[in-house]
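Here are the chains, one letter per residue:
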Amino acid sequence: MMLERTAAPLPRLLAAEVRWVFRRPRTLITLGLFALIPILIAVGVVVADRNGPGLVGAVAGNGLVLPVAAMTVALALLLPLAVAMSAADALAGEAAHGTLRGLLLAPVSRLRLVGVKAFGVLVVAVSAVLVIAVVGVLAGIVVVGSADGQMVTLSGTTLGFGAGIARVALVAVWAVGQLAAVGAVALAVSALTEHPLVVLAAVLGGIITFGVLSAIPALDWLQPWLLTSGWSAGVDALRDPVVLTALGSSTLRALCYAAIGLGFTVWRMQRRDA
Amino acid sequence: MTAWTVREAAVVTAPPAARAVGLRKVYGRTVAVDGIDLEVPAGAVLGMLGPNGSGKTTLIRMLLGLTRPTAGSAELLGESVPGALAKALPHVGALVEGPGFHPFLSGRENLRRLAAAEPLLASGEIPGAVDTALERVGLGHAADRRFRGYSLGMKQRLGLAGALLVPRRLVVLDEPTNGLDPAGTRDVRTIIGELHAAGSTVIVSSHLLAEVEATCTHVAVLAAGSLLAVGELAGLLDAGTGGLVVTTPDVGLALSTLEAAGAVATAAEPGVVVTAGPDAPEIVALLVRAGVAVHEVHRRRPRLEELFAQLTEGGIGTEGGSPNIGTEGGSPSIGTEGASPSIGAAGAAG
Numbered sequence: 000m001m002l003e004r005t006a007a008p009l010p011r012l013l014a015a016e017v018r019w020v021f022r023r024p025r026t027l028i029t030l031g032l033f034a035l036i037p038i039l040i041a042v043g044v045v046v047a048d049r050n051g052p053g054l055v056g057a058v059a060g061n062g063l064v065l066p067v068a069a070m071t072v073a074l075a076l077l078l079p080l081a082v083a084m085s086a087a088d089a090l091a092g093e094a095a096h097g098t099l100r101g102l103l104l105a106p107v108s109r110l111r112l113v114g115v116k117a118f119g120v121l122v123v124a125v126s127a128v129l130v131i132a133v134v135g136v137l138a139g140i141v142v143v144g145s146a147d148g149q150m151v152t153l154s155g156t157t158l159g160f161g162a163g164i165a166r167v168a169l170v171a172v173w174a175v176g177q178l179a180a181v182g183a184v185a186l187a188v189s190a191l192t193e194h195p196l197v198v199l200a201a202v203l204g205g206i207i208t209f210g211v212l213s214a215i216p217a218l219d220w221l222q223p224w225l226l227t228s229g230w231s232a233g234v235d236a237l238r239d240p241v242v243l244t245a246l247g248s249s250t251l252r253a254l255c256y257a258a259i260g261l262g263f264t265v266w267r268m269q270r271r272d273a
Numbered sequence: 000m001t002a003w004t005v006r007e008a009a010v011v012t013a014p015p016a017a018r019a020v021g022l023r024k025v026y027g028r029t030v031a032v033d034g035i036d037l038e039v040p041a042g043a044v045l046g047m048l049g050p051n052g053s054g055k056t057t058l059i060r061m062l063l064g065l066t067r068p069t070a071g072s073a074e075l076l077g078e079s080v081p082g083a084l085a086k087a088l089p090h091v092g093a094l095v096e097g098p099g100f101h102p103f104l105s106g107r108e109n110l111r112r113l114a115a116a117e118p119l120l121a122s123g124e125i126p127g128a129v130d131t132a133l134e135r136v137g138l139g140h141a142a143d144r145r146f147r148g149y150s151l152g153m154k155q156r157l158g159l160a161g162a163l164l165v166p167r168r169l170v171v172l173d174e175p176t177n178g179l180d181p182a183g184t185r186d187v188r189t190i191i192g193e194l195h196a197a198g199s200t201v202i203v204s205s206h207l208l209a210e211v212e213a214t215c216t217h218v219a220v221l222a223a224g225s226l227l228a229v230g231e232l233a234g235l236l237d238a239g240t241g242g243l244v245v246t247t248p249d250v251g252l253a254l255s256t257l258e259a260a261g262a263v264a265t266a267a268e269p270g271v272v273v274t275a276g277p278d279a280p281e282i283v284a285l286l287v288r289a290g291v292a293v294h295e296v297h298r299r300r301p302r303l304e305e306l307f308a309q310l311t312e313g314g315i316g317t318e319g320g321s322p323n324i325g326t327e328g329g330s331p332s333i334g335t336e337g338a339s340p341s342i343g344a345a346g347a348a349g
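Protein chains in written order, with numbering that gives the first Met the number 0: chain A, 0 to 273; chain B, 0 to 349.
These are computed hints drawn from the structure, not numbers from a lab. Every value quoted in this text rests on a predicted model; they were computed, and no experiment measured them. Be a bit skeptical, because a hint or two may be false.
[To be verified] If you anchor each label on the Cβ, the simulated ranges turn out as follows:
id, chain 1, residue 1, chain 2, residue 2, range
1, A, V125, B, G123, 25 to 35 Å
2, B, T131, A, V172, 44 to 54 Å
3, A, A75, B, P166, 49 to 59 Å
[To be verified] Partner residues are not named here, just some residues of chain B that face chain A (Cβ under 7 Å, in silico):
id, residue
4, T66
5, A70
6, A85
7, A93
8, G99
9, A116
10, S122
Heads up, the beta-carbon is just placed ideally off N, CA and C, and yes, glycines get one too.
Throw the hints in and build the complete structure from the sequences for me.
This is the structure in structure tokens:
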């Protein structure tokens, strides 16, 4: 007797998930709005007659710093929100629409479902970061401009265009890692509820709470455990040579959050009524 | 050996399409399903009847592995649930708790997304299978409209199409006629008939009794989480209240004659009803010999609606003892001693 298929091919499932993600109007609107972030910063920097200190100030006349500044600004709240929204739709939203049932009955095994959903959320995170990075580079070159397409590092040295782009790419990859952590935790919440709003509230509340905790000096010992405490590490990619300590530790921390979040999601989805 | 006998043999040895053994589900302090034993023979069309909240949907959800039972076990097409669910589900189409689709996608896109997850569909077959399913439920004209704009009936039809994407061995339809107009209801009946003719097993839950009576071969009646009756529709109806209805103007004479012969009879317009006693021919002979004018004699065969009302209201046997409803062959039987109906084979685990 021929052994028959008990599961649809994985690439087909992933492709269907990605198509679903990008057919959602809110995904497209969000990505469109993200494209505006570097443009707004670029215009702001060019229009301003004096440039303050900090990362945004460093953009002036130094276009390739713009994508890094834009990613850092967006990572504080906007990027995590976008990822949380997609994670909210992935499980809680599908449960609310009754479509989770359809997938489970097809059948898509519960473990596979979590894998497919995590992939979808990761695709959103990558797309969002990519939009900011690419538009950031273009706006940096066109609107802000820089001498010979070079990047002046925070250490004062000058990098060629290729090396500058490599620094931007490094920050982009690092930011995706941080967002993967947010996405995994958001998926875990999404596995617990049928209300997508709960997921958004949980992620937003979590980020704000982490921010408050890290501002309390008596709780300094808590810093290494807070996901958000490493979110300013992107700037380190603009030093020469690159300072990897904070980038590395925050990436490690993000991987731990991602593993715990995904683990909980799998555990919960095995038991969930759909 | 002819092909016919081979096929018959295959049917006989086929495992039941679905089986529940002591299935029980408790939500907090609410017992949704109270220890149900049920076997759905392959090829049957089982109508699952019960008032709202009787546990129909919970039972279906446990059979499909969507809800974990508190106790008991289930089998789907001979595979254990949830252990070997992946082997059975590709052959199972289901519409449970209303159609679930994404409002921003068209009907066709929604179905394509579902079809992508169907193990038995090769990637190349997906567009064709989706079109066929849409035509079958009469949604071809609205396939490219967004689900958001569908009427209740169209949504229901799309849900049905999702269950029919692949030729199925078992199709489970939970309230399929919800929101459908009379034409839609007729379409559902036709589709169930086609599935039955093609050898598929169908489990259909409904509160529309006429619907079930028209399409089903088997019936399971649920109330308050328990199985009150299960068996072949014809058998259940015959065994129902039973009794012989004698139309006669001579009610007094008839009653005394019957009483003398040891039969149990009551006066009921337009004559008497005999609920126990000798066989029909003997009763007729008895009455005629006594000089009772017999205009008509027929066996009382209740419509499903009456049977259902009697079962769910615990009203069986309110007159004269506690008769059992049984089907031929030792299937579960019901009795109603006391206030709460006690169930024979079913519900013992409760």
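**Asked** When the hints from earlier in the document are held up against this structure, which numbers fail?
**Response** Number 5 only.
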